[in-house]
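**Student:** One-letter residues, chain by chain:
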Amino acid sequence: MPSSNNKHHLKDYAPIVTAGVINEIEELARLLGPAKIVNVNSTKEGGGVAEILGWFIPILEDLGMTVEWKVITGNTEFFTITKKFHNALHGQPEEFTQEMFDSYLDNVGKNAPPIPDDADFVVIHDPQPVAMIAQYPNRSNRWAWRCHIDLSEADLRVWGFLRPFVERYDGAVFHLPQYTKNLMSPQFILPPAIDPLAPKNEELTDDEVTAILYRLGVPRDKRIILQVARFDRLKDPFGAIRAFKLVRSWYDCRLILAGGSATDDPEGQAVLAEITDMAGDDPDIHILNLPPDSHREINALQRAAAVVIQNSRREGFGLTVTEAMWKAKPVVGTDIGGIRHQIIHGTSGFLIHSVEGLAYRIRQLFGNPEMARRFGIQAREYVRNNLLVPHHIRRWLLVFHSLKQKGNDDLITLPPHEITE
Amino acid sequence: MAKPFHFYTEQGIVYYSGYKADNLRSLLTGLRGVPSSSIFYHLYHSLLRRHFTTTDYMNDFAQWVWGVLWQKTLGEKLASFDPLEFTRLRDARARLIEIVDAYVGETEYFLRVSEEQAFYFLCIKSFVYPLGVQVSTLPELMQAIQIISPHSLFYHLIESRLRLREPSNDLSDWLKTELDMPDLAVTINAFSPYEYNLEELRNKIMAAIQDAIK
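Sequences listed follow chains E and V, in order.
Just so we're aligned: 36 in our numbering is position 36 of the first sequence, and the numbers increase by one with no gaps anywhere.
Just so we're aligned: 17 in our numbering is position 17 of the second sequence, and the numbers increase by one with no gaps anywhere.
By construction, these hints were calculated from the structure, which means they are not laboratory data.
Don't take every hint at face value.
Here are the simulated lysine-lysine pairs, BS3-like style, with alpha carbons at most 30 Å apart [said to hold, decoys possible]:
hint, chain 1, residue 1, chain 2, residue 2
1, V, K204, E, K181
2, V, K204, E, K11
3, E, K70, E, K11
4, E, K36, E, K245
5, E, K11, E, K44
6, E, K404, V, K20
7, E, K406, V, K204
Full structure from sequences and hints, please.
**Tutor:** Right under this line is the structure:
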């Protein structure tokens, strides 16, 4: 089973979200009982799903659940097909043949990990393993399909192929309402979360930040504009470079594009080559291709940045935005997907619609440091109240309670706590 | 001996109702047809979600009408709508429909927005459960108020009026009937969630209790 990196207990978050919040979550777990939960995804490391499961599972175990994490395996062809699914579900044009759909099903049939009969809940993450449910027609446990991507412009062929499998689930879980589809089963809205105690988000001293940037070859002599994202066309690093050049005609600054590739992302290397070529010899543009475990490096870069940008054309939720907000940074991001649900425009950051808009708002923040500081404070408070690990745990416990519930009432009173003298 | 006050909390998981609106007419259709938990989520629960930050409009309907549809007059009418005046969701819904219907009746052209900007009517499945915290005196109440979560504060100060169909919150009711402290009951009931966020409300309640203890 893939190992998790989190060494924290739920109570460790009490100083951040308050003990009252933690107590409520513990009570919610107690009322659910000692459930067995199986998670299935496609990769052990790299990408947001593996990162979330890394802290999600130990905390559920801490709360008395038994949790297993299984991975669907496959050859290069399988992951090439599922990457095409990913792109097509985001609305990008992709070619498919019937053989590819058959090959996908064949791989799932051969390589899907077995689900134990005594599992109470099974959570399948993203399209790679979604067809697994067909192997369990007589199941007695509850299955939820957790979709981590933006389905609002999904290719109809691919969605048409996957939908019959999704319809078999007892519930589907999406980041945002815009990603829901016409399904008969309940569609829960559950944003992802970040771990404030993980190396990517824990506090760093200024000396630590400087030392890490020095090691990365990034001077701290000028204001830094930062984008953290996989090297993927959907993240539009090209637009980020164009916006930076516009800003630089006003303010002396640096652009850092920090990213890497997940093990299930074959086309990242091609995009990296293109943006390296576009940046050329410009000493103020730093393209950092970082390994998947570069959490402290990302942390330091975000803390060193004056402004963080997210110039994505498509974004499932945008946890890199959440991370930057947690570090009290003003974020300028495209008005799409999860970015627009996190940034309160004009209060905790700016939402933009063009490269020129991106440049304009960066200039505005550079020209008004007090506004940038206020935005950062509001941004951090938003994350503290909504998008941290304890809130994610709470929401999943509520999903499990809902899946367990008989009937469709929207107001449920849970059994009383035994009051001991 | 006063009956103890038991603290509860409400935790909800949000799900999509199946309705969405892309202009005022479809907003009105949604207001008429969605489950009552959707009215609760967008009108009352928004107070909990936004309590810590300053935004122009406190309920989701007002924000969408003003910020996305650019119907500023209707946006202001919806923003000034106080859901705490109502003890029944159906009455709050009826008043909302009345406001939007009157505006729609006077309007000739309706801006239609894209799917990404549409208003998605969300519902909330609410789980109410006791926290195992009970108090019988003011000092005990003070200690409990200090530690309960924003969700529990929200449940007792705002949501309890709907659940119990009473014009005042259940904590004020208890102070009046069990501890015979009507003045403190009125003071706490008067604290407005529009003027203060939940943490500020917590502090104000503690200050009021502290004064009463003296």
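**Student:** Please name the hints from earlier in the document that this structure breaks, with their numbers sorted from lowest to highest.
**Tutor:** 1, 4, 7
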